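Once you have looked at the hints, place chain C on chain Z.
Note that the protein sequences, when read in sequence, are chains Z and C. Per the numbering used here, the first sequence starts with residue -17, numbered consecutively. Per the numbering used here, the second sequence starts with residue 5, numbered consecutively.
Just so you know, these hints were derived from the structure itself, not from any lab. Be aware that one or more of the hints could be misleading.
The calculated DSS-like cross-link candidates involving lysine-lysine, where the alpha carbons are at most 25 Å apart (straight line), are [said to hold, decoys possible]:
| # | chain 1 | residue 1 | chain 2 | residue 2 |
| --- | --- | --- | --- | --- |
| 1 | C | Lys71 | Z | Lys101 |
| 2 | Z | Lys197 | Z | Lys187 |
| 3 | C | Lys94 | Z | Lys138 |
Being a predicted model, the structure only gives us computed values, none of them experimental.
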Amino acid sequence: MQEGRRDRQDLVRITSGIPGLDEMIEGGFPFPSVILVSGPAGTGKTTFALKYLCEGAKCGEQGLYFTTLSEPTQWMLRYASQFDFIDRDYFGDEIVYMDLGTMLREFDHAKLLEIMEAKIAEVVPQRIVIDPITVFGGMIKGDYRAFLFDLFNHLKNWNAATVVTGEVAPGEIYPPEVSYAVDGIVLLMLNEEEGARRKYLEVLKMRGTNHITGKQSIDITRREGITVLKARF
Amino acid sequence: MTQVLEAMDAAGLKGPVLLDVPSTQFVKTSLLLIKGLSQDRGLPGLFVSVDRPHQYMVHLLSVQRVKTENLRFLDVISRFAADTKTASAKVGMADGPFHIDRLVSSFPALANNGSSEQNAGSKYRYVIIDNLASLLAFNNFSSVSIFIEALVHHSEENGGLLIPIILDSQKSAALYDAARAMCHEELRIRVVCEAAPAGSSPNTLGETKET
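So here's chain Z without its partners, still in its complex pose (with noise of 0.2 Å):
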């Protein structure tokens, strides 16, 4: 019996930092992975990945935020600044921010690799966000999917756990060219009922994990940012 359970080597997990999400996934996201937030507009899919980045830098894990929407910091900050569990200080330093989006037009995606693996060894984060992700195939020269595939792979190779975000339009519920390549799904969904919209959040996906399945209820709010309030645990 003990050398049973010694025989298997438990994955190594990091904490989502979502209140209710750890416990639905048997204690946070598998290290290394690669995790699609993926919802339409309004979802929360960048308080998931703000949350998730200061989540760790609260626990000594260096962060870094890759955006493909040529979003100044400045702005970026403005509005995640209304969170309670953003901490600004930690930006710059434990929270390392990238922005692609300029060169999302003038690169190939060898470059594009090249370029972002150059920040990760530089920085050396445990936790990396790119948001998002989806900017990529509408912008990327060559082939969408080799681009994925190729960095899904190094991401986990240089050993961190990242959250790559998806936006879908309204009846999709996630990028079908990148949830072939991760390694977990988050489902973060908006339904009309009795005349007003709910959020949900789903773990559609959670390789190694047994996760709870079904729609769990959401709430965001700025002390916490996104919570789920009924986990079936």
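For chain C alone, kept in the frame of chain Z given last:
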């Protein structure tokens, strides 16, 4: 990390040293050890890649401007990694992460690019394995435990070769306990969650405790 290297200095940069490190910080710990041992102290070393192809550490060391002329790599995983990343380094290739009972005895020849030169072991003064716990994905607990024992013997047979045995006592408790019984020295590197204030620069691995 400075305290860890100073403790190693105090022990004459010799012997197996058990390092208790959070799993998420293994790469950073290896990076700082290589910098401290190879670049700052001029020791020739052997870096054994198990968890990822050696090219990632080569790239990391290059970007961090750590001098690696006296560092050799032994890649145990590349043949199973389907990775296209390229990097230039002195590297020997092992067949794979299985059958590790034969791995330690092949260090000298593999580190010497397959040469069977006598005393090739003296060409390196320390060995870092990245990482020991990942061997449990390919081997049973008993085999990995015996592998650590073989590392300790390898250290003794080579005049007290320095071998930092990097493990996470919280994630790999049984393996850590097994290694603890074989090592004379134990050092801890832990960053306490909630206690790391903004601006404390996590890359320094500042919260170091020795036991």
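Hint-by-hint comparison with the structure:
no. : hint                 : in the structure
1   : C/Lys71 to Z/Lys101  : holds, 19 Å
2   : Z/Lys197 to Z/Lys187 : holds, 13 Å
3   : C/Lys94 to Z/Lys138  : holds, 24 Å
Checked against the numbered hints above, the structure violates none of them.
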